[in-house]
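K.L.:
As a plain string of letters, each chain reads:
Protein chains: 2
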Amino acid sequence: MSHQPLNVIFHPRSIAVVGASAAATNLHTRMFLDPLLEFGYPGQIYPVNPKFQEVSGLKAYPNLRDIPGPVDHVISLVPAAATPQLLTDCVAKQVKAIQLFTAGFVETGEADGIRLQKELVRIARSGGVRLLGPNCVGIYCPGSRISYCADFPKQAGRVAFIAQSGGYTYLAVRMAAGRGVYFGKVTSYGNAADVNEADLMRFMANDPETDIITAYIEGTTDGQRFLKVLTEAAAKKPVIIIKKGRTEAGRRGTSSHTGALAGDDQVWDTALRQAGAVRVEDVDELVDMLVTFSFMPVPKGRKVAVVGAGGGASVRAAEECEAGGLKLPALPDALRAEINRYFSLAGSMLRNPVDILAEPLGDAAWVPVLNTLEGWPEADMILWQMSPDMEPVRTEEFVRVVVDMRRGMVRSFSNVRKPKALVVHTLETPSGLDEMVALREECRERGVAFYPSVYRAALAISRYIGYHERR
Amino acid sequence: MSHQPLNVIFHPRSIAVVGASAAATNLHTRMFLDPLLEFGYPGQIYPVNPKFQEVSGLKAYPNLRDIPGPVDHVISLVPAAATPQLLTDCVAKQVKAIQLFTAGFVETGEADGIRLQKELVRIARSGGVRLLGPNCVGIYCPGSRISYCADFPKQAGRVAFIAQSGGYTYLAVRMAAGRGVYFGKVTSYGNAADVNEADLMRFMANDPETDIITAYIEGTTDGQRFLKVLTEAAAKKPVIIIKKGRTEAGRRGTSSHTGALAGDDQVWDTALRQAGAVRVEDVDELVDMLVTFSFMPVPKGRKVAVVGAGGGASVRAAEECEAGGLKLPALPDALRAEINRYFSLAGSMLRNPVDILAEPLGDAAWVPVLNTLEGWPEADMILWQMSPDMEPVRTEEFVRVVVDMRRGMVRSFSNVRKPKALVVHTLETPSGLDEMVALREECRERGVAFYPSVYRAALAISRYIGYHERR
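Chains A and B, in that order, give the protein sequences.
The numbering used here numbers the first residue of the first sequence as 1 and each following residue consecutively.
The numbering used here numbers the first residue of the second sequence as 1001 and each following residue consecutively.
Keep in mind that the hints were calculated from the coordinates and are not lab data.
Note that this is a predicted model, so its numbers are computed, not measured.
Treat the hints with caution; some may be incorrect.
Stated by the list, open to error - Derived list of chain B stretches under chain A, where covered just means 3 residues or more per stretch with a C-beta under 8 Å from a C-beta of chain A: (1) 1026–1032; (2) 1168–1182; (3) 1277–1285; (4) 1385–1395.
Said to hold, decoys possible - Residues from chain B that face chain A, not an exhaustive set, calculated with beta carbons under 7 Å: (5) S1014; (6) D1151; (7) P1153; (8) Q1155; (9) N1206; (10) K1244; (11) G1250; (12) S1256; (13) G1312; (14) E1319; (15) R1351; (16) S1462.
Even for Gly, the Cβ is constructed at its ideal location relative to N, Cα and C.
Can you make the complete structure from the sequences, with help from the hints?
P.N.:
Okay, structure coming up:
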């Protein structure tokens, strides 16, 4: 095993990008060099490529060994066949860690690729170099101003993501940022030839900068060790896991993606639960859980008061709440009468879901309704649902007025002390999408949990309650 | 029973909007009068309101009886208490049909409301007036230039929608239009006091302008009759149904929404299947089915070739295909080698899903890959999946170039003769949303089936195959 502690991968003092190109259209250079410049990485950045004198305004070196100063971290963009030599150079240069975007190893399922990956690990370990990947996108650590994506947030959060797939990290980081959740350490580890999911899980469990651990796992080579480490981690902080390989096709996919053995899904399901992790199906549910953990006090129970306009939307909300694991107590007559004082709209059902079109009345009627629901002891939480594309009038002028009013209502909603969430449901039209983005932003600024459907809200909140019940 | 045939509700020669207001902020007038003007309804439009001389540039009348010419159709925006008098006026004026947006009847669950609704039906039937609702938004029939929504498409399609909920019609029409499917006759029937789901189902089954019938049903008052009519309709054309009231809370909701008895869901499920209808969970699945019926030749079987970039995205696509009911045969070595001629990208899995980043290569490599997949006899269809928010570089300039290239690739894709579909999956960022909208538009123009997730595509296509297998 290597002697370098894993910490080195998050705090390099200098980075060499081997295979970076001066060609403007070179996708790999855009992927790995541009983000370091965009993030203002404070250490030295060394492009390495014998074909160029300069890359992106930085002096380029023909070979890693030609770099004058020390190199802590190497990003490999060279073809697989060139990687053993690069590893040898890394050892000579006393590099602490190398991350290989380069693919073409065990994931090909071919003997050459498998042999080549073993060779890389042998060289790396012989020289004490930590190896990330191959076939991975590497490290995003905004606190160290390191990123493999130029549009990732520069703001550092306290969530870690351990991901066998690079694509899932792009999606998760962007999706979470839109809802106010930020990552502190993201590691895409690909084929896990050296640094693997168990190493990273143990590291994040002990990392004082990490409050929540998330992971995307296709399979492991040492399931026993991973489950042991996972159990220890989950005892310390919430661990939320996407475990792929549920179907036969998915299992074949994981093997050709990262060479991972997905294993029997039922066994995995039980093991993950016993370890204390929260298993989710995909990245949307993962981000929903992060939003819930980040913004919602733990509800005392599963009973929810739902408020929002529309008969069909209310029927749907009721079904989706129950499908997600929440319960809807019936609103007592006294509270119904109280709400009726502020809304004498014909057609309002005033049960639960409380079907009121509060928007045209603004805060004057909205705040007393919120107060009434807050004072209802049967309701453990309040869920406000909206469906812009279900609304009858969506002219530009009308939407502008309504959105301004609703932003104000979100501010009032943010003062509710009970656990609460806003759902803006099912969007198809441009004006609906714009409205959703505006209200999501208002929620992000106010620290209000936001979800894109009642079902997803209910599922996340129900799992969140379940997590706390088991502890 | 009334003597007016149902056809009158779709072809009125004149419409009175009773309760229309000259106040610019009057939501109900915006909902019901503006769309008639926007659609250029060619018959006479009569606002009725004793408080105004003129409404929206049209002469207003104090009472329905004061209108000089004949009135075929009345839209009621007056309070519930005023409706018996209005119905009496309708009978006197020999109105053919009245549609009541007015609510406050059986859906309130209160004796007064129940009695009032019975009274309306009695008066209507005594004078041969058809009554739609109460508590409904009415008729959208672009062929007659009638709409209750200004932003609905003016283009008439050949799909009918029979909807107990008005909100669901707004959502369904807008969602379908974005994907190239247009409705010809939409009827929101609310409390179904006179015209009910069975009447409308029979009408649409015999309507030569309707090829596909869709419905949103919360419950019926005469389930036996509805199932009989449904069976007859489903024997003639595809019928796709959202049946709500699956959960206890949903059932309570339907009763307070439209006063409907939702009934036992398991019984409904079996009955709908036996009647030959396709049951879907919600409006997204309903529109997915319409897209499939509209644009996809019937695949010979459930085997799909999936193509698109990304390891994680491919694993997800494989799982979602199987979860939705499709199968992924493994790509034979010979075809793998053939595709490899056009793509020597390291890291490409070249199994199924075929993980290729074709975009930077444009049509030069894309068309031969499509030809290869088209020539693969094991593949009954081709599914192309994309996840913009999973992509590493999303700068404005880069996205512009990529989107242009992909629009061109959609044009090539539209020439594939095998059943095919495009999926643009999981969108969160503004640039991802823009790209989805651009590609969805390209699909709409080219008549290519478009879905927002692989799972939804697979589920709809699998149900579509099942529908044809059963016939």
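K.L.:
Could you check the structure against the hints above and give me the numbers of any it violates, in ascending order?
P.N.:
Hints 5, 7, 8, 9, 16 contradicted; others consistent.
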